[in-house]
Amino acid sequence: MGNSLPGVGAIAKNWREVLKPEEYAVLREGGTERAFTGEYWNTHTEGVYSCRACGTELFRSDQKFDSHCGWPSFFAPLAEDRVRYLEDTTFGMRRVEVRCAACDSHLGHVFEGEGYPTPTDLRYCINSVCLTLAPAGEAAANKAQPGEAQPGDTPADEAESAE
1 MGNSLPGVGA IAKNWREVLK PEEYAVLREG GTERAFTGEY WNTHTEGVYS
51 CRACGTELFR SDQKFDSHCG WPSFFAPLAE DRVRYLEDTT FGMRRVEVRC
101 AACDSHLGHV FEGEGYPTPT DLRYCINSVC LTLAPAGEAA ANKAQPGEAQ
151 PGDTPADEAE SAE
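The opening position of the sequence shown corresponds to residue 1 in full-length UniProt numbering, with each subsequent residue numbered one higher.
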């Protein structure tokens, strides 16, 4: 799958080769990490959160708020073209899934009307394992670390695990 975001080039051929098993389970298979266990659920560090799979910048720390749900919560993405939305009716619920627009990785869900005192009345409930935080003043977050995919197109193995 191609994309139009700047700086997004070729990617590894197989997501399983570049993601850790727990990353693959959430990012590529749509899983959810356990509440209150992720690296960023209670982090207040200033910076930019990027997609762990492709490095696309997704959220800023000034969009993050304490929802006390056990996952990082944001009231808006960095830009609307960075994410895409899908209806999710799994587990007998109606939810809106949030995916990275660049690499189609599952990030979490967005909820509306929960009464949080935010500018949008939205809560983007995002799995920590889907994110990489580049603290303010450090190198750009879109440079993946060893064990992470590089920015770009969806690998060939997606056909076997497509929803």
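Check before you lean on any hint, since a few could be wrong.
[Claimed, not checked] DEER-style ranges, computed between Cβ atoms:
| hint | residue 1 | residue 2 | range |
| --- | --- | --- | --- |
| 1 | D121 | N14 | 35 to 43 Å |
| 2 | E112 | T32 | 26 to 34 Å |
| 3 | R95 | G137 | 17 to 25 Å |
| 4 | F65 | R95 | 14 to 22 Å |
| 5 | D121 | E17 | 34 to 42 Å |
The set of hints was computed from the structure by calculation and includes no laboratory data.
The beta carbon of each residue, even a glycine, is placed where N, CA and C say it ideally should be.
To see whether the hints hold, each was checked on the structure:
1. With their beta carbons about 40 Å apart, D121 and N14 fall inside the hinted range of 35 to 43 Å.
2. At roughly 19 Å, the beta-carbon separation of E112 and T32 lies outside the given 26 to 34 Å, and the hint is violated.
3. A beta carbon spacing of about 36 Å between R95 and G137 contradicts the range 17 to 25 Å that was offered as a hint.
4. A C-beta distance of roughly 19 Å is found between F65 and R95, which places it inside the suggested range of 14 to 22 Å.
5. For D121 paired with E17, a C-beta distance near 40 Å keeps the hint of 34 to 42 Å intact.
Checked against the numbered hints above, the structure violates hints 2 and 3; every other hint is satisfied.
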